[in-house]
Amino acid sequence: MRRLLLGSLLIMVMIIPVFSQSITIKGTVTDLETGEALPGVNIVIEGTFIGSITDINGNYYLDVTNEEATLVYSFIGMNTVKEKINGRSIIDVALGSDAEILGDVMVVAYGTTTKEAFTGAAEVVGEDVLKERPVSSFEKALQGTTAGLQVSSSSGQPGSASTVRIRGIGSLSSSSSPLYVIDGVPMSGSITDINPSDIANLTVLKDAAAASLYGSRAANGVIIITTKSGSEGVTKITFDAQYGVSNRISDGYQLMNSTQFYEHSWLGLYNQQINDGQTIEDAKAYAHKEVKNIVGFNPFSSDNPLDENGKLANGVKALTDTDWRDAVYKTGAIQNYNLSVSGGNDDTKVYFSLGYLGDSGTTLSSNFKRYSGKVNVSHKVNSFLTAGINNHLSYSTTEAPPSGSGGSNPVRSAEIINAASPIYNADESYNWENKAVYDFNPVGLSELDKYSYITKRALINAYLNFAITPTLNFRTTGAIDYSDNDGVNHYNPYHGNGAGVNGRTSESRSDNMAWNITNLLTWNKARDNSSFEAMLGQEAHGEKYSVLSAGATDFAIPGHHELVWGGQPEMPSSYSSEWRMVSYFGQAKYNYGGRYYLSASLRGDGCSRFGEDYKYGLFYSVGGSWRITEEEWMPELFWLNNLKIRASYGTSGNSNLGNYASLGLYGSGANYGGYPGLTPVQLENNEIKWEKIQSLNIGLETRLFNRLGASVEYYTRYSDGLLYGKPLSAGLGFPTIMTNLGAMENRGVELSLNWDVLTNRDLSWVLGFNMSTNINEIKSLATEQVISGTKIWEVGGDVYQFYMRDWAGVDPSNGNPMWFTNVASDDASNNTEPNSAFIDPNGSGKMVTSNYMDAERIRKGSALPDLFGGLSNNFNYRNFDLSFYFYYSIGGQIYNFDYAANMHDGNSPAYNLSVDALDAWTPSNKYTNVPRYNTNNENQSEQMSSRYLEDGSFLRLKNVSFGYYLPESICQRVHVNQLKVFVSAENLWTLTKYKGFDPEGAMNGTTSNTIPGVKTISFGVKMEL
Amino acid sequence: MNIKSFKATLLVVFVSIITFSSCNEDFLNPKPTDSIEDDLIFESYVTAEAALIGAYDQLSGSNFEGLRAPIMADIIGEDVMVNAVENWNWFVAVYQLNLLPNYTNVENPWWNAYKIIHDANKIIAKAQEVPDATETQRNALEGESRVIRAYTMLTLVEMYANAYSRNSEAPGILNVNIPTNKDSEDFGRASVAEIYTQITDDLLKAIDLLSDYTNKGFFDKRAAQAVLARAYLDMEEWEKASEMAKEAHKDLTLMSANEMLSGFSVRNSETIFSVAYTAEDNNVYLSIPSFYWPVAGYSSMRANDRFVELFSKQDIRLNYFILDPDIDPNRNLILKFSHNQQVGNAERISIRAAEMHLIEAECEAELGNNEEARDALYIVQKRSIGNAIKSTASGDALIQEILLERRKELFGEGFRWNDIKRRQTQFTREGDHWVKFDFGAQDEDYNRLTFPIPQSEIDANSKLTQDDQNPGY
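Chains as they are written, first to last, in the numbering used here: chain U, 1427 to 2451; chain B, 594 to 1066.
These are calculated hints, taken from the structure and not from any lab test. Heads up, some of the hints might be wrong.
To be verified - Ranges of calculated distance between the beta carbons of each label pair, as one might list FRET restraints:
#, chain 1, residue 1, chain 2, residue 2, range
1, B, Thr626, U, Gly2317, 44 to 54 angstroms
2, U, Pro2238, B, Asn695, 27 to 37 angstroms
3, U, Ala1739, B, Ile920, 32 to 42 angstroms
4, U, Pro2238, B, Asn774, 53 to 63 angstroms
5, U, Pro2238, B, Asn682, 28 to 38 angstroms
For each residue, glycine too, the CB sits at the ideal point set by N, CA and C.
Make a model of the complete structure from these sequences and hints.
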């Protein structure tokens, strides 16, 4: 080994012009704290490549020509020490641990930096935020922790990932998800496979200076996950166990019971007959005769349960009063166990862990289990070579019932099956009859149908790190991210979706194989008061997705879902799809005097997804910062400990589109009459190219009174060439073509405060607060407007701007619904009032109509919040710690489709109603917001309008946890180093005016009968051996 | 580690860098495995033929010939009704004649049809250049594609434009008769007459190019003649229509009375073109029997009592109707279209000889050839009516008798809507209809018998504005 080094040094020395005569310096390097010799310490003559390294006894020799030179001693984990030779020939040095400095090291794109030196906008989220949280996936714990980071769960399905957005919505049709990078390698599979307790910290890269180095994948920001690694010293064995119970996050609005629904249905029939011109007697007779037909069941003890006026007669009792929500929702149990071992010595450091998470879910047939294992090893082969591997394996099973508007969605069934419909028949078999979703009893289906998924995941990355010289480093990383997904979906032969084909099973096996090779060459040079760092990199990435699916129908043997039990095979299918990318990049950083920092980066990407002429893209960034408090002319102010301003500008891209988006293709599977066929599936689209984002960031960081840290950021992100499906005439064969025609801007201000309120030895209190605003604005579109569902896209509006008819309430004279005509709006070209228009009888002075189609749609605000953020409090008192996080979101509308289904005014008479519908117009209740209830209503009052648009603002106690470290004496008695018991509760309390279960939902602000969010209370123990 | 292995390691690393640096053509051009690039399709007969199969597949889809087009052609009529119970709202607005330009039932057939036409246009343009195809094969590719295009356009123009007989100069549909790509110019609405010219032109060419096939799942010469007979009938070209109808039914044996009652789910001696439906690659619930047969599907179609009353007691077709209080206490169920062993598994017989005899009868009657007309009519009547007597009527009475027979013989097969329109007759719904109407050709309500142009088309097509919408929408 020595020979090699001497050899290579010799070569280098020969390159350097040899001056007059050289002297030999020798000495010993020791550890400041232990006094032990330190082998492998780099010694270099400042400003040159000349250097040496200490041997096993900490001794070194070095020839120098300039007696005035400075020697730089460096060793990983230790403070770097500089010594001027000053004519000495023996220089002994002691290196201290740089623990304090390490605290400020942050993992950034392709390397690390210190907080002081960083010119970009990024935030580190430490382990303290993630630990002991009863969540299945780390991103759920991030909500409210970081300014500019929006996390929203649209489903309480256990194991489902939340939607994450950094600084707004960056794309119209492509993904706006950030890129996740784990231990230096971009991830391809799901983030929910990662066990949060394996994560050491996360860095959220927000601006161009931070993220542009990821080029075409950085448009929506980057989240870097760093997993735990071993450290030298005594091996630590940690075990924690956590048990929790979870429930639906709130009760939502109340639904009618069977009596209310029966009476209300009677009223609807009566109103319908009166409306048709029948006499009161005839109308009542008709209502009495038909009401059971409409409801489906007579839930009462009498055959004639209703009196003359359609109210429950005296002495009649409701025998059936099903709470379908109670039937579909349950209390979930969460179990979380983690065992980890971490340790190592000078040369080898290991961390490994085993984890289990089980979440039985709050909804029928909805659960999640994850088994995970991790091994991280790093090994110092010799003085210049370090090798390591980071390994993650997981296996998870999910049962998830279908969402959406189909009959098999249990969440929807719970809302729309009326309470007069029983779950079971008298003989305890399932009752499949009901008027809302015939043959889809959700309780019965949860037993007979199957929706289960298995995911296996392997994330492996291995690296070699060559410290070629003390200043020149080369690192090569090879990584594989493999995920395998199996899905089984079985419809039973008797009821629901499978009844028509005597049962159906569909199975799919898919896998995604992603590989990545990254090579990095870094060089740094430090002078007295400046330093320079350069990096050159090369990366190649590829992904191949393969899928095989098969199905069968005609299942004769009950309870067996495997394909072998099916009598009739269905068309199987398989295909694969891949994309590849090759990239080169470089970065340079310069620092002068610890005051001025400059950085610049450049990246070129070539991506297979684009057409011949548009395969390559170039992305760059520049950034700079100025630490004013380090200036010599700055007086030392007791109240100002740090003041830094920084700015950055740069570009990045978004390449999230179909793998073969530029090709004109004929697709297989267009079979006819038993012959295989092909049909055009995609128009040739050679001009399709990257979405580009230009980001500007200006930030200010300060620390006041040594207690209050604050940072303020202003940013703009201008996205150009946004892909979206430009509508085509049917004459061109396809409804849309992806075109780079949109532009959009996100701009906002972020504020973060961190206040050490109390820092006594016994008691400390840290208060954190952050606040973000983001304004999203569409800057250009190919067409004037794109109207889709509840939304409108247009220049000047935002991406989630609501556009619908404007609810004007109920006409007191007849109970009809009314909408403002809004003739000045742009639905129709002319501004003339329709024939059906009249002056609002409720006195707004505006024109209204009771004919839905005659009202024009108007803009009704956005789904995006005006302001969101978090507030955290951490208390430590001796052995106790207490923390609570609040999350808030102010502004932002929600269009509540679910509520609309329960406020249908008789337009869908079979669906259950909210108790709010009891306030429907009657001649004696004229001033109300709920129209007259008419069975088989055709007044379209339930159609999309601002009637169902709600304010989605909320304040939520996101997490509260309380922990207690048992006294040392007890720990010693049970032979553990540390023993902690804790309680942690998630989503315990919410303040909102929103009527549904949970104001936190889909980013686009619409509801779709997804499993409601959950609140969880858990307790656990954590011990360290 | 010694210096050699160090060097070796570095070498490996640098070699790997160089490997990936020399990103050759293939590295950034992976090919899909489930599709083929456009320009390869017409390089061989095998793929060109598969493209033709694909065009039939588009045609057979539930948004067009497989379900929506034919079923709506009867729902917009007087003879059948849609029961809203447990029907998940299928076709209710169509039944109510209450359609808006953005409704699925308006949008989907249009978009599906132009996808069929897109497929056919590509084949027509390239068929004669397929290098390894024989002349017969090339002619079959072109000829069948022309029939596909003509058949699709004919269905579209009947749905989305006013009848040729009413105003042939009125706006029709988009005459997309060439291959298009993303940069192609949009097509405006061609006149109804232009569309019929395109249709007849395609069919005449196809008749020259095609021969007769035994597999009636594909358009052959006879099918081309049959479609042409329909087009001429719309155009009131009685002579030409009669001639084509005769060609189309020549030598075909009508199915037996028994076969008439066996469910219309498999082709037989009378079939001229049948959608070769297979349950494997279609949604069985979106099929004709799923809606018509009284059990096992949506099962929501009912027959109007006044219509049922039109059949004589001796008519075997009366067996198509049944009252079963267990299923529906009030209205006639329909037994004409059955499942074949499994739900929804049934071909849809699109063209059959009886229709050709009826076209012949109608045309001959219009031409004043009463005896020929009576003979043609009698062929159809005598199969189903036990005591059938050849008609003695003539002139308009004969025509009315033929039209009534057409209604009885072909109900549920997708003709009623256009028969009302092309003859501009009164639209009257009586009896047990949920939604009743009574309007004539001069009433504004007659606009309900023409679909609106889909809103998405008006929005996206640079040649169309709101003013190009059909009257009444």
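Exercise for the section: Would you pick out the hints that fail for this structure and give their numbers low to high? Expected result: Per hint list: zero violations.
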